[in-house]
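Just so we're aligned, residue 898 is where the sequence shown starts under this note's numbering, counting upward by one.
Simulated from the structure, these hints should not be mistaken for lab results.
Here the structure is a predicted model, which means the values were calculated and not measured.
One should not assume that every hint holds.
[As the list claims (entries may be wrong)] Using C-beta positions, here's what the derived DEER-type ranges look like:
(1) Gln950 to Ala1001: 38 to 48 angstroms
(2) Phe904 to Tyr970: 29 to 39 angstroms
(3) Glu954 to Ala1001: 40 to 50 angstroms
(4) Arg998 to Asn943: 20 to 30 angstroms
(5) Asn991 to Asp941: 10 to 20 angstroms
(6) Gln950 to Leu1002: 41 to 51 angstroms
(7) Pro1000 to Asn903: 45 to 55 angstroms
The beta-carbon is built from N, C-alpha and C at its ideal position, and this holds for glycine as well.
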Amino acid sequence: MAVSANFDLTGRTALVTGASRGLGQIFGRALAKAGADLVVTSRDVNALTPFCQEIEELGRRIVPLELDVRNQYSIERMCAAALEACDKIDILVNNAGCNIRKPAL
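The task is simple: from the sequences and hints, build the whole structure.
See below:
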């Protein structure tokens, strides 16, 4: 049995935060190649456009949403929009991070 058959994600939806570059795109690309549709987020939703085009070329559905993980309202708004666009989220990749510069003590 091929390894890819063990990881068939057809019919599943994955939410990947911080998907405008780096690891977020790597995770999203792997999930899409395994058959998952994607909801992807970034603070700058326009930065997701090239990645969305790439995923659509794979024949997968992708929903780009704005998200600032430092803001509770942004998180709630993104969750509502994701669930409106998709019936459910099967896979969550919490990749987004932030850097708050202030003294630790």
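Task: Range hint 41 to 51 angstroms (beta carbons of Gln950 and Leu1002) holds or violated - done: 46 angstroms, holds
Task: Distance restraint hint 20 to 30 angstroms, applied to the beta-carbon atoms of Arg998 and Asn943 - done: Between Arg998 and Asn943, where Cβ atoms are some 25 angstroms apart, the hint holds.
TODO: Could you say whether the range 38 to 48 angstroms given as a hint is met by the Cβ separation of Gln950 and Ala1001?
DONE: Roughly 41 angstroms apart at Cβ, these two residues keep to the hinted range, so it holds.
TODO: With 10 to 20 angstroms as the target window, see if Asn991 and Asp941 comply at their CB atoms.
DONE: 19 angstroms, holds
- [ ] Using the Cβ atoms, figure out if Glu954 sits within 40 to 50 angstroms of Ala1001.
- [x] 44 angstroms, holds
- [ ] Check the following: the C-beta atoms of Pro1000 and Asn903 are separated by a distance inside 45 to 55 angstroms.
- [x] 48 angstroms Cβ-Cβ, so the 45 to 55 angstroms window holds.
Open item on the list: Just to be sure I understand the hint, the distance between the Cβ atoms of Phe904 and Tyr970 should be within 29 to 39 angstroms; is that true here?
Closed with: Holds, at about 35 angstroms.
In this structure, every one of the numbered hints holds.
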